[in-house]
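**Q** Use the sequences and the hints to build the structure in full.
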Amino acid sequence: MDVILFLIFAFIAVASAVSLVLQRHPISSALSLIGVMGALAVLYLLLGAEFMAAAQLIVYAGAIMVLFVFVIMLLNAGRERPSAASRLVRWLGIPLFTLFIGVMAYFIQTFFPKTLDVSFGGFTQGAGLEIGRQLFTRYLLPFEVTSLLILIAIIGAIVLARKEI
Amino acid sequence: MNFYILTLIKAGLVAFVLLTTAAYLVWIERKLLAHIQLRLGPQRVGPHGLLQPLADLVKLVTKEGLIPQQVNKIYFLLAPFAAVMLALISISVIPFGPEVEIFGQRTWLQLTDLKIGVLFVLAISSIGVYGVALGGWASNNKYALLGGLRSSAQMISYELPLALAIAAPLLLSNTLSFRELVETQSGFLGGVLGNWNLWYQPVSFLVFLISAFAETNRVPFDLPEAENELVAGFHTEYSSLGFAAFFTAEYANIITACAVGTHIWLGGWQPIIAPHLGGIWVPSLVFAFFGIMSLFHATQPARRWDKYTFPVLGLAALGLAALFAIPLLQPVLVPLFWFAAKTGALIFLFIWIRGTLPRFRYDQLMRFAWTFLFPVALVNLLVTGLVVALQP
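Taken in sequence, the protein lines are chains Y and S. For reference, each letter of the first sequence is one residue, going 1 to 165 in our numbering. For reference, each letter of the second sequence is one residue, going 1 to 392 in our numbering.
Worth flagging that the hints you see were computed from the coordinates, not collected in a lab. As the structure is a prediction and not an experimental result, all values here were calculated from the model. One should not assume that every hint holds.
Unchecked claim - No farther apart than 20 Å at their CA atoms in a straight line, the calculated lysine to aspartate or glutamate pairs in the EDC-like style are these:
no.: 1; chain 1: S; residue 1: K115; chain 2: Y; residue 2: E80
no.: 2; chain 1: S; residue 1: K31; chain 2: S; residue 2: D56
no.: 3; chain 1: S; residue 1: K73; chain 2: Y; residue 2: E80
no.: 4; chain 1: S; residue 1: K10; chain 2: S; residue 2: E101
no.: 5; chain 1: S; residue 1: K115; chain 2: S; residue 2: D56
no.: 6; chain 1: S; residue 1: K10; chain 2: S; residue 2: D113
Unchecked claim - To give an idea of the chain Y side of the interface with chain S (calculated C-beta under 10 Å), a few residues:
no.: 7; residue: S28
no.: 8; residue: S29
no.: 9; residue: L31
no.: 10; residue: A54
no.: 11; residue: M73
no.: 12; residue: A127
Ideal placement from N, C-alpha and C gives every residue a C-beta, glycine not left out.
**A** Structure, rendered in structure tokens:
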């Protein structure tokens, strides 16, 4: 059951990701990206990371992608015209891509140690309590530095926007 | 196997009750608004227009579903579907009562209890905006597009104070599951009044209510469908079932928002007054009082049909009172009554405010969210966190 669900949602995630690149219209691409986020959230849920799944939906699918869609709708971006593909891309694109995937798979197989098998629902530390505890003890410094980074980004955005006024 | 059958029955029941309530909310809203504005409201279909929702349904189903030219067909059809689906999903984690025994089966009056129930509702409601935004965009109509744009901007802005407002009582209760949330509010202050989060968190409740109005696109924040500026906003081009889907989604969202407010701040299905002071008998007393009043009015009929309608109404109310007094049924019915009463009171507030307040201007709406509501929710959360941390 778990494996079937994993396969279904993994397929949805990959299919949405491919469609994200192939779609010509920005809105279709954005919606495909939402599909990827949603499928990823379900995969987190299958692993037992409930909090991560909810955060994935709220933050990425619910907030960031709404902003994306908002901007696309506001600018009324139309269909994109494909640029004339060079002969090199047309003939070497797919073989090179396959080669790249193969090399990556080989490196992952050899250099990363084989750890325990992933068992669905075996991970029980995914509730809000454990995440909060880890975030404020073990990962306190990265957490605070990240928030500082976001603050700097916000201030930067305001400074850039003020010039235009 | 029993589990699956039971879940199927419960799911069917919940879907049926939710959709019927949503349909009748339209009638209740029209009636209440009419009486606030000194009108009669729907009167023609059935007694006091009671069959109006049924007539509306028949009309909407049999009407031609127009798809205008030049619209983006896939998204145009997908949008109402997404809106109504997302609106109906979140009810599945909301409990209606405690664990009860029916025909020897112990079960919770709830479809499923997620450990992250509150987050689940937040997540679904934050995705719910796509129905409106997409519908507005796909319609290829400037009014619809403006409605969709306003909706997405409004939802992003008001989601922040909403989430911050919900976080404060969650700090007190220390859980994210609705079931446990209600159980932490089970005591009675001084043995009399329900130990609700509302008494500790009045500010967050107010912030939640205001944000919920914006999240459900209700007056005074119904800018996505402002009639006098945008024709009908995001659903201008929709007719027939697409329009019905958007309407159902809106009312289902209101019901969900009110149920969430009930569970987090108003103690869910817990009675207001302690059981030893008669908390169990309140529903019976309310119905009995209503029945006796009706029978009393039947003795002095003022209108032509009063001598027939009032006795029927009175006897029905007395029957309900008797039903709520049966000790065998009380553990099931009384919590349901309290849940329905509190949620109903909040829904009444939604309609009441629609009849009272004018619509905000768009810049006022945004300024209000970012410069007032957000800081208030943030300060409230900080103070709550401080108090919780200082507690021994």
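**Q** Taking the hints in turn, state whether each one holds.
**A** Hint check results:
no., hint, verdict
1, K115/S - E80/Y, "violated, 44 Å"
2, K31/S - D56/S, "holds, 15 Å"
3, K73/S - E80/Y, "holds, 19 Å"
4, K10/S - E101/S, "holds, 14 Å"
5, K115/S - D56/S, "violated, 39 Å"
6, K10/S - D113/S, "holds, 13 Å"
7, S28, "holds, 8 Å"
8, S29, "violated, 13 Å"
9, L31, "holds, 8 Å"
10, A54, "holds, 4 Å"
11, M73, "holds, 5 Å"
12, A127, "holds, 6 Å"
Against the hints set out earlier in the document, violations occur for numbers 1, 5, 8.
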